[in-house]
Amino acid sequence: MSAEIEYHEQVSKLIVSSSPHMFANTSIKKIMWTVNLTLLPAVVFAVYHFGLPALQTLLAGSLSAVVFEALTQKILKKPITVSDGSAFLCGLLLAMCLPPAVPLFVPIVGSFIAIVVAKHSMGGLGYNIFNPAHIGRAALMVSWPVLLTTWTKMTAAVDTTTSATPLNILKLQGYDVLIHTFGSRSEMYKALFFGFRNGSIGETSVLLLSLGGLYLICKGIIDWVLPLTMIGTVGILTLIFGPHGFMTGDPIFHMMAGGLIIGAFFMATDMVTSPITRKGRLIFAAGAGAITVLIRLAGGYPEGVCYSILLMNCITPLIDRYTQPEIYGGRK
Amino acid sequence: MLGKLKWGIHPETHKTPTEEKTIESNALPLKVILPVSQHIGTPSRPIIKKGDVVKKGQLIAEGSGPVSSNIHATLSGKVAEVSERPHPIMGTCLAITIENDGLDEWAEDVLTERDWQNLDNAEIIQIIKDAGIVGMGGATFPSNVKLSPPKDNKIDTLIINGAECEPFLTADHRMMLEHSERIAVGILILKKVLGLENVILGIEDNKTNAIKVMDKALAGTNVKVMAIPTRYPHGAEKILIRTILNREVPSGKLPMSIGVVVQNVATAVAVCDAVRNGIPLVERIVTVSGSAIAEPKNLKLRIGTSFAHAVEQCGGFKVTPEKIIMGGPFMGVTQYTTDVPIIKGTNGILAFTKEEIQCGPQSPCIRCGQCLKACPMGLNPSMLSILGERSFAEEALNEYHLLDCMECGCCAYVCPAKRRIVHYIRYSKKLSAQKGGQ
Chain A
52 MSAEIEYHEQ
62 VSKLIVSSSP
72 HMFANTSIKK
82 IMWTVNLTLL
92 PAVVFAVYHF
102 GLPALQTLLA
112 GSLSAVVFEA
122 LTQKILKKPI
132 TVSDGSAFLC
142 GLLLAMCLPP
152 AVPLFVPIVG
162 SFIAIVVAKH
172 SMGGLGYNIF
182 NPAHIGRAAL
192 MVSWPVLLTT
202 WTKMTAAVDT
212 TTSATPLNIL
222 KLQGYDVLIH
232 TFGSRSEMYK
242 ALFFGFRNGS
252 IGETSVLLLS
262 LGGLYLICKG
272 IIDWVLPLTM
282 IGTVGILTLI
292 FGPHGFMTGD
302 PIFHMMAGGL
312 IIGAFFMATD
322 MVTSPITRKG
332 RLIFAAGAGA
342 ITVLIRLAGG
352 YPEGVCYSIL
362 LMNCITPLID
372 RYTQPEIYGG
382 RK
Chain B
671 MLGKLKWGIH
681 PETHKTPTEE
691 KTIESNALPL
701 KVILPVSQHI
711 GTPSRPIIKK
721 GDVVKKGQLI
731 AEGSGPVSSN
741 IHATLSGKVA
751 EVSERPHPIM
761 GTCLAITIEN
771 DGLDEWAEDV
781 LTERDWQNLD
791 NAEIIQIIKD
801 AGIVGMGGAT
811 FPSNVKLSPP
821 KDNKIDTLII
831 NGAECEPFLT
841 ADHRMMLEHS
851 ERIAVGILIL
861 KKVLGLENVI
871 LGIEDNKTNA
881 IKVMDKALAG
891 TNVKVMAIPT
901 RYPHGAEKIL
911 IRTILNREVP
921 SGKLPMSIGV
931 VVQNVATAVA
941 VCDAVRNGIP
951 LVERIVTVSG
961 SAIAEPKNLK
971 LRIGTSFAHA
981 VEQCGGFKVT
991 PEKIIMGGPF
1001 MGVTQYTTDV
1011 PIIKGTNGIL
1021 AFTKEEIQCG
1031 PQSPCIRCGQ
1041 CLKACPMGLN
1051 PSMLSILGER
1061 SFAEEALNEY
1071 HLLDCMECGC
1081 CAYVCPAKRR
1091 IVHYIRYSKK
1101 LSAQKGGQ
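In order, the protein sequences belong to chains A and B.
Here the working numbering is used: position 50 in the first sequence is 101, and no number is missing along the way.
Here the working numbering is used: position 416 in the second sequence is 1086, and no number is missing along the way.
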């Protein structure tokens, strides 16, 4: 028998809380900065490809987004959370979807709309219905349509094509002119794959964006279902509805052109605005892919990734409601 | 489709501080505190009064009602008081305090060697009931109730749970290594009572030595030892049944309804002791661990021993603990004092320091979906937490299967927004119970 021990001194300030008492080493901050990092290769390539104006646009977009978020949170007397990287990511993605040499006010106004209107007027991170970066871009598109569709020449080293984007050429001059512009079909695929073509700052390099996306999939941060379904849907539909009739399309071109790759890997996968269940994600991505094709082939714009994702964002809560996971013991 | 293929989590196990350590039984405490509620069901009724002299193994509180359990004196000595005392789960509870007289004498009528193979089933169930045996894995459901299923439930399989999936805990693991013979006898008794052939002992595959030892102990019987993948929460009854038998217990029902009974390895030991040797449930194995404990150990302790006494057997606190938990880090209950006693379901005492708690401030759900991936029950914890936050208990109950949540904590573990998902779910459950007039 030992003397009775009491620990009143040491245990006078014990924390009493609901279980669990163990947590994984993860945080929103880690996730967001990881996504930012996976965009870095494409960003570096863009600066090499489009020159200094691209860097200015990217910096203006991302940094102004951070400033706007800090200001909004200060005014709303909320804790300032800019260090979590989500505002930076939003501004960066927005700038990556702009032409390289827009005046500096364009990315700044875009970031204002994305952060203040699309994100914080809804309640901040986690509450926004629409992808803020895409809302920013859509608002700029209707406000300054000319600026947003003026494509400057690329840096001299890779100046092999005209200053129009491939999807623009396709829309205005047709598929045969498009092939002619690049020389041959395989040359065109090569240019698209490595990113030596005109377009928005961050959308051109299929290779680097896909590598970033694959890294996120391996890390479990994004679900492979979303990009695969969206890109796959675009491929299948563009093959079926070709320029010379049924089944004459060029799916490889369509899958690599425009903003599809960046949209599928980095925009459609935005956690807050896409469905939470896998079934839901499948529906969401297929819908976004289908709307993209509809706009590209039959709409007034050459590209439709931005609008397709925004349109699908509207019905995300609805999709979530009808695609609840199958529960244990729910089988009859 | 056969259930969810991906579920659960792989947390760091933290079992190394104690998994190699032999079970120790050290100095007895000066007193034991025995709450009348140590099990699921109606509290027991004290049948002694202050000042009575009791002996070890003597019945001091009787089970009342169909789901209840007996409680025995775990020391010999004098009943000091019958009063409200701190309780590790309920806050406070009526408890019988016995002062140790230092003799540690057994009551006369308890120790009886029996030839269990010649006992009939009703007798065995009565012995188990009298011995106050409850589920020792932590759920504390009275074992005799599990062993007498209603007539229309045909039981075809007995699963023995040796998964021990909670990090830090090694009590069952050591039990399997050191007392395999008692476990084997306990399993055979349970098998005889249930009158079935299909018996499976499930052990997580990180305990290879335990699998080997149990294989040897059960050689010559038709009890199968099955290695199951190491994954939390594999020790949860419903999940274990799905892995081993590929059956699912319907929502709101007991495993009995699909012909399965699950018992913990520690329960098997208690059954063996009671039926073969006449020893009622007076002690159990407890893992004392966590970074605030000087020397983590597996201890054999009398039920009713205070946490303080258990911690003292392990060299006391190395540093000031921030949290003291009864059970594992995922489903354990935090304590406000070390004066609480060890009860029948206490499989571990953990003392955590600030560094081990690690939970940062909570932010709104970013809908990343990690919790849906982790949830072993296929629920939508994201939505449940959001509904809980807004007190929408009814919607959670009717549309998001609130009551199917077993509070294993996988969702809160993986949440990058550090949301207290389980807390919100508990809150919703409380709210809906109030509205239901319970």
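Simulated from the structure, these hints should not be mistaken for lab results.
Worth double-checking, as some hints may not be accurate.
Claimed, not checked - In silico SDA-like links for lysine to any residue, alpha-carbon gap of 25 Å or less:
no.	chain 1	residue 1	chain 2	residue 2
1	A	Lys-125	B	Ile-949
2	B	Lys-1088	A	Cys-269
3	B	Lys-970	B	Lys-1088
4	B	Lys-923	B	Ile-949
5	A	Lys-80	B	Gly-1030
6	A	Lys-81	B	Glu-953
7	A	Lys-80	B	Lys-970
To be verified - Partial chain B-side listing against chain A, Cβ under 10 Å, derived:
no.	residue
8	Ile-679
9	Val-883
10	Asp-885
11	Lys-886
12	Ser-921
Even for Gly, the Cβ is constructed at its ideal location relative to N, Cα and C.
Hints, verified against the model:
| no. | hint | verdict |
| --- | --- | --- |
| 1 | Lys-125/A <-> Ile-949/B | violated, 67 Å |
| 2 | Lys-1088/B <-> Cys-269/A | holds, 22 Å |
| 3 | Lys-970/B <-> Lys-1088/B | violated, 36 Å |
| 4 | Lys-923/B <-> Ile-949/B | violated, 33 Å |
| 5 | Lys-80/A <-> Gly-1030/B | holds, 12 Å |
| 6 | Lys-81/A <-> Glu-953/B | violated, 46 Å |
| 7 | Lys-80/A <-> Lys-970/B | violated, 44 Å |
| 8 | Ile-679 | holds, 7 Å |
| 9 | Val-883 | violated, 28 Å |
| 10 | Asp-885 | violated, 30 Å |
| 11 | Lys-886 | violated, 34 Å |
| 12 | Ser-921 | holds, 4 Å |
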